[in-house]
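The whole structure should be built from the sequences, with the hints applied where relevant.
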Amino acid sequence: MTSHVLGDTRVLTGRSLTHILRSPDTIITTAVTPIALMLLFVYVLGGAINTGSDESYINYMLPGILLITVASGIAYTAYRLFLDMQGGIFERFQSMPIARSSVLWAHVLTSLVSNLVSVAIVIGVAFIMGFRTGASLGAWLGVAGILVLFTLALTWLAVVAGLSAKTVDGASAFSYPLIFLPFISSAFVPTDTMPAPVAWFAENQPVTSIVDTLRALFAQEPVGNEIWIALGWLVAILVGAYIWSVAIYRRKLS
Amino acid sequence: MNTDSNTDASRPAIQVRGIEKSFKDLHVLRGVDFDVKAGSIFALLGSNGAGKTTVVRILSTLLKADAGTATVSGFDVAAKPNDVRESISLTGQFAAVDEVLTGRENLVLVAKLRHLKNPGAIADELLARFSLTEAGGRRAGTYSGGMRRRLDISMSLIGNPPIIFLDEPTTGLDPQARIEVWQTVKKLAEGGTTVLLTTQYLDEAEQLADRIAILHKGTIIQNGTLAELKQLLPAAKVEYVEKQPSLEDVFLALVGETGETDAAVEPETAGKELR
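Here the protein sequences line up with chains A and B, keeping their order.
Converting from the first sequence to my numbering requires adding 17 to each position, the first position being numbered 1.
Converting from the second sequence to my numbering requires adding 5 to each position, the first position being numbered 1.
For the record, the hints were derived by calculation from the structure and aren't laboratory data.
Some hints could be false.
Straight line, CA to CA, 30 Å or less: simulated DSS-like cross-link-like pairs of lysine-lysine [said to hold, decoys possible]:
1. B:Lys222 / A:Lys183
2. B:Lys29 / A:Lys183
3. B:Lys69 / A:Lys269
4. B:Lys42 / B:Lys29
5. B:Lys242 / B:Lys192
6. B:Lys42 / B:Lys191
7. A:Lys183 / B:Lys69
Quantities reported herein were computed from a predicted structural model and do not represent experimental measurements.
If you want it as structure tokens, here you go:
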């Protein structure tokens with residue numbers, strides 16, 4: 018069976034990408050909220066925020082916006098997985114001689130593709146709004162790598178939600194706290210302006226290290242230790258969520 | 006068990022022995038036994054909640070039994086699930102079609118997942134066989150109940166699996182669509198496919214099945230041919246009763262028996278064969 022994993026995953030990924038192509042609104046809605054937030058922060062609130070650096074505010078906040086984009090995009094992954102299980106198609110796949118892990122991987126790869134498209138749209142709008150970076154090709158690859166890891170980590174969390182949800186609303190509701198997390202981080206304001214307990218949380222939660230790393234890469238500054246903390250968080254969430262998903266999936270099948 | 010077992014005609018296609026299954030405190034199956042002869046139509050008859058779907062889910066490797074053994078095409082469902090999946094196809098209670106894809110894309114998808122060559126040609130052949138050629142380019146979400154069920158069944162036939170499970174194939178269908186499904190099932194069995202179907206409709210079992218097993222409160226309480234089951238009751242008396250048409254006869258006579266399948270071959274005669 019294992020020899021079919023790649024072929025089956027490719028066929029099933031093609032299927033869910035077709036779903037997205039036929040309802041491109043899922044990509045557009047994913048991009049609209051972060052773009053609206055970007056407009057709000059840059060043109061309304063941003064003028065009053067002192068980031069303590071010479072960077073333009075849009076350069077400061079784009080990393081956080083990109084994380085919000087992914088966090089809202091993965092809700093659709095949970096939603097699509099949940100719908101597959103509600104209808105009979107999931108059982109049809111499971112009763113066929115296909116590699117069972119392909120069913121999950123197809124959703125994960127589709128999530129990666131659609132989220133990266135949304136992220137590219139948001140970055141494009143940011144450029145129009147005045148975002149500038151002198152990032153080298155290497156730095157861009159670093160940004161892409163971290164965003165891919167972040168998407169994969171959150172996607173496997175979405176798989177957990179999609180597999181265990183009882184209702185459609187439940188399948189996507191888990192993403193709200195994830196969308197909110199960047200607000201309590203260094204994404205929009207420096208953490209030292211926050212009250213001590215909040216600042217402590219903000220400084221020690223994964224988003225801050227990821228945002229700081231992305232910001233340093235865009236600004237061509239040394240990433241320092243932050244990148245290792247960020248990678249540590251990302252790999253830990255990715256592995257944890259993956260193991261959790263597989264455990265739930267196995268239980269579903271017995 | 007060797008791979009020859011699925012070609013051995015004397016061996017039952019499906020063998021179920023002492024299957025038990027509970028969901029928490031609910032004992033759904035309390036020791037189910039039956040055999041299904043290769044190439045026959047076997048009906049599992051029972052009311053809602055009798056455990057029919059649980060039996061089908063166990064036999065199609067979607068669920069593990071708590072106790073007992075089951076072999077499908079000579080393969081143990083617990084020990085050799087992949088071999089079982091190679092020999093079966095499942096059509097569940099709810100038409101398992103991808104609503105976003107077109108009918109043809111659904112068929113191509115399944116053909117590719119069964120690793121067959123020429124998935125496009127297979128899809129076109131099935132669309133023609135199930136009178137769906139014209140609808141093949143439309144999204145399955147726009148199909149009527151009968152069309153979805155036909156697409157669902159045609160997806161199950163891809164790769165010619167020797168054993169097909171049909172879980173309540175006509176629940177929720179109108180009378181014409183129901184007759185279409187019956188015709189399909191008959192043709193399948195004529196072609197040598199073993200069919201296990203579950204139903205809560207007595208007439209469906211009567212029309213289709215070579216053998217009927219009645220599942221009640223988690224066990225098989227009777228298992229036999231229609232004639233054998235009829236003998237369980239006192240011998241028939243001769244009475245003179247005026248032959249009244251049933252409401253189904255009236256309905257079908259009024260709307261015609263062709264249903265949606267105008268393109269089907271001689272639907273008139275095919276419909277009558279079932280009577």
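Hint-by-hint comparison with the structure:
Between Lys222 (chain B) and Lys183 (chain A) the CA atoms are separated by roughly 28 Å; this keeps the pair inside 30 Å, and the hint holds. Restraint check for Lys29 (chain B) and Lys183 (chain A): the C-alpha separation of about 18 Å stays at or below 30 Å, so the hint holds. This hinted pair checks out: Lys69 (chain B) and Lys269 (chain A) have alpha carbons roughly 11 Å apart, not beyond 30 Å. At most 30 Å may separate the alpha-carbon atoms for a hinted pair to count; Lys42 (chain B) and Lys29 (chain B) exceed this at roughly 33 Å.
For the suggested pair Lys242 (chain B) and Lys192 (chain B), the alpha carbons sit about 35 Å apart, so the restraint of at most 30 Å is broken. Between Lys42 (chain B) and Lys191 (chain B) the CA atoms are separated by roughly 15 Å; this keeps the pair inside 30 Å, and the hint holds. The suggested pairing of Lys183 (chain A) with Lys69 (chain B) holds, with an alpha-carbon distance near 22 Å, which does not exceed 30 Å.
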